[in-house]
Every structure is written in C-alpha cells, then in structure tokens.
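Undergrad: Listed below, chain by chain, are the residues.
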Amino acid sequence: KAGVTQTPRYLIKTRGQQVTLSCSPISGHRSVSWYQQTPGQGLQFLFEYFSETQRNKGNFPGRFSGRQFSNSRSEMNVSTLELGDSALYLCASRASGSLGANVLTFGAGSRLTVL
Amino acid sequence: SQQGEEDPQALSIQEGENATMNCSYKTSINNLQWYRQNSGRGLVHLILIRSNEREKHSGRLRVTLDTSKKSSSLLITASRAADTASYFCATDSNAGNMLTFGGGTRLMVKP
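Chain order of the listed sequences is A and B. One point on numbering: in the working numbering, the residue at position 33 of the first sequence is 33, and numbering is uninterrupted. One point on numbering: in the working numbering, the residue at position 72 of the second sequence is 187, and numbering is uninterrupted.
In isolation and in its complexed conformation, chain B is listed as follows (with noise of 0.2 Å):
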C-alpha cells in the first residue's frame, strides 16, 4: 500500500515558473527520497533527505522534510519544458530494502 499522498496530483505551469508538490507519509522513516519518472518509463533518483536533515538543494531542486507533521516538499525553480513528468516522494522505513512510493504528481511544463 503507499505510504501516503502527494499534493497535487496534477500541476501545470508555464516555463520559467517554480513548481511546488508536497508529499505526506504515515510512519517514522529513516529518509524520504524524490524521484522522477517521464512517460511510463523507469523512475529517476533526483535527491534524498534523511530524517534529521530539514532542507536540501540540488541545482534547481529544493526539497524540504518536517518529520513533525511527516510531509516533505519539492520546489523545482525556473521550470523548464523537459520537466514535464511525474513526482513520487519515497520512504525509507526500517520495514527492510524497500520503499514506499507516494501517488505522485504530475507535472506539465508548457513553453
């Protein structure tokens, strides 16, 4: 079952805008991790967070984590045209090598 939800399920903007999705899991976790996936193909690592960390950035990236109200948010800055894709978050738990995929949010990027 997925660790939680992902707000919103769909975003459309145009280039040059920023891009935020946010992301809720359930359980305590060990790291919350963002991926990328375009068109129905294999899902892409963009950054991980681990649970005592608050901010990180990467490029264009930021994401956010607040373990107190168990949601995390990821900002794209200047969005561009090929970051047209879905947004999963992913959880860490101890439940083993696995991870938990939120619903994702879809993002289209127009020109």
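With the rest of the complex left out, here is chain A (with noise of 0.2 Å):
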C-alpha cells in the first residue's frame, strides 16, 4: 500500500509569490490534514478536509487555503509569500471509522524556502 505522498519535496520561492502543495493520502484514507513545521513554532495545525468539504482550520491568515479533489487528493496553497512561511508543510491522512482515534499516517513533506 503506498504512503502518503507530497509534492514537490523542495522548493525555493521569493517574497510575494503565490505556492501550491499538492498531498495524496493513502488509498481510502478520505481524511487530510496539514501541518506547518518551524523551529520556532513547531508543529501547528493548518487545516483538515474530509470528503472536499473543510472541517477544521487552524489559527493561520487567509493567506493559507486549501481544497480536497473528490479523489481524496488535496491541495494546499499560500499566496503572498512571507519569509515567515518558510517551513516544513506536512501532510496526513488517516482512516475514517478508526475507532475514534485520530491517528495521522503523514508525508515525507515539502520544504519551502522564502527568499
């Protein structure tokens, strides 16, 4: 069974430009969640999605959007780069009905750097 997997892996971008992630869970997984990773904030939660329909967001500016395909392939997209997005974006999926417990299988990441 393949894992999650996030693209692209690296990315270098400037001050003002827009990005887009892209995460494809896990075959049948319909729930996604991401993640923003800094060394000063660490792991905080951005937003999930289940069956194209956002549930949840975090505590993130408008900049951050996402959406989910009805694949269950979901896109994550930051406009108006600042030097403070720089960071690891993580993306997981995880089953739906699985007993309550929200454990995430995630993805290996994409690193962006603002310049």
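Rather than coming from a laboratory, the hints here were simulated on the basis of the structure. Take these hints with a grain of salt, some might be off.
Claimed, not checked - Reference excerpt, derived from the structure (chain A facing chain B, CB under 8 Å, subset only):
hint, residue
1, 31
2, 48
3, 84
4, 88
5, 101
What the hints assert, rightly or not - Sample of chain B residues with no beta-carbon within 10 Å of chain A, all distances over it, derived:
hint, residue
6, 122
7, 123
8, 171
9, 173
10, 182
For clarity, every value in this text was computed on a predicted model and none was experimentally measured. From the three backbone atoms N, C-alpha and C, an ideal C-beta is built for every residue, glycine too.
With the hints as a guide, bring the two chains together.
TA: Structural data, given as structure tokens:
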C-alpha cells in the first residue's frame, strides 16, 4: 500500500509569490490534514478536509487555503508569501472510522524556503 | 498553538541505555499519541494511549499517562543508534479532527 505522497519535496520561492503544495493520501483514506512545522513554532495545525469539505481550520491567516478533490487528493495554497512562511509543510491522512482515534499517517513533507 | 511542552528538549545517551521523555498538556484529552520524526521528514506514529488507560507497552516502548497531572512519559528501553530522532507527543481533544503537538524531544543515541 503506497504511503502519503507529497509534491514537491523542496521548493524555493521569493516574497510575494504564491505556492501550491499537493498531497495524495493513502488509498481509501478520506481525511487529509495539513500541518506547518517551523523551528520557532513547532508543529501547528493548518486545516483538515474530509470528503471535499473543510472540517477544521487552524489559526492561520487567509493567505493559507486548501481544497480536496473527489479522489481525496488535497492541495494547499499560500499566497503573497512572507519570509516567515518558510517551513516544512506536512500532510497526513487518516482512515475514517478508526474507532475514534485520530491516528495520522504523514507524508515526507514539502520544504518551502521563501527568500 | 502547542498544547504543552516536552522535557527534556534534547537528550543524549549511549546505546543500550534507556531514554525517558516527558510531555505535559493543558486541556482534557481523548487520547495521547507519540510520534517520531527523523531529520525533518514526516512523522511516524509510535503508540496511542487512551485517556482511561494508565500504561501501555509496544515492543521497547512504554508509555504512561497521568490525566490528573496532565502528563505523559515515553520510555525507550535498550536504545539503539537507530532510535536517534525527534519524538513528539500529540493530544487529541474534542476540538475537531486535529492533533496538538508538543515541542518535541531530540534524542541522540551514541553507538
């Protein structure tokens, strides 16, 4: 069974640009979550999607958005990039109905550097 | 924002020794999980303990949970160089399908 796949793995952008990151969950997983990891703030929840609907959103500005497609693949977008957006962006998928336990399977992450 | 803190922030031990990491959290939880991360890559789920459990074992891992103190500990016995990684606790509360992570403990196991 293939794991969670994130693309691209590494990317460099300049301030003011926008970026789109992609995540393909484990086959059959309908829930996809995104997390941002930085040395200063640690791991922070961005948003969670289930069956193409955003169910939960973290405390991030509107520049951060996402969506999920009918095949459960998800994308997140960051517009008007700032230096502070440099981070490892992690996607995770979860099997629905997993007895109420929110156990996540993570991808390897997309490392974004904003110059 | 992070749920709580992990202690110590960094730990260096020799192969064969035991490693203990502690996690504190702030709000009531449904369960607490521990994840491992190698060199800035993705996190790997290690073990989950539910709020009505006090101790759980999985191989060389032992997790305890004290809900009255809002704290948990992860013990890795007979550590190996391959255990070198960052370890994070994560709590699952009633605040939707999200996990709140601690700051992590960086473990280095020297051969």
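Undergrad: Residue 122 of chain B: least C-beta distance to chain A exceeds 10 Å?
TA: At about 14 Å from chain A, residue 122 of chain B clears the 10 Å cut-off, so the statement holds.
Undergrad: Was the hint right that residue 48 of chain A lines chain B, CB cutoff 8 Å?
TA: Since chain B brings a Cβ to about 5 Å from residue 48 of chain A, closer than 8 Å, the hint holds.
Undergrad: Grab the minimum C-beta distance from residue 31 of chain A to chain B and call the hint holds if it beats 8 Å, violated otherwise.
TA: holds (6 Å)
Undergrad: Would you assess whether residue 182 of chain B, listed as outside the interface, keeps its beta-carbon beyond 10 Å of every beta-carbon in chain A?
TA: Nearest chain A Cβ is 17 Å from residue 182 of chain B, so the label holds.
Undergrad: Does residue 84 of chain A pass the interface hint, meaning its C-beta sits closer than 8 Å to a C-beta of chain B?
TA: Interface hint status for residue 84 of chain A: violated (16 Å vs cutoff 8 Å).
Undergrad: Just checking, residue 123 of chain B versus chain A, shortest CB gap more than 10 Å?
TA: The claim stands: residue 123 of chain B keeps its Cβ more than 10 Å from every Cβ of chain A (closest is about 15 Å).
Undergrad: Verify this label for me: residue 171 of chain B is non-interface relative to chain A, using a Cβ-Cβ cutoff of 10 Å.
TA: Residue 171 of chain B is indeed farther than 10 Å from all Cβ atoms of chain A, at 13 Å.
Undergrad: Grab the minimum C-beta distance from residue 101 of chain A to chain B and call the hint holds if it beats 8 Å, violated otherwise.
TA: Cβ of residue 101 of chain A sits 6 Å from chain B, so the hint holds.
Undergrad: Does the claim that residue 173 of chain B lies outside the interface with chain A hold up, using a Cβ gap greater than 10 Å?
TA: holds (13 Å)
Undergrad: For the hint on residue 88 of chain A, does the least C-beta distance to chain B fall short of 8 Å?
TA: Check passed: Cβ of residue 88 of chain A comes within 6 Å of chain B, closer than 8 Å.
Violated hint: 3 only; the structure is consistent with all others.
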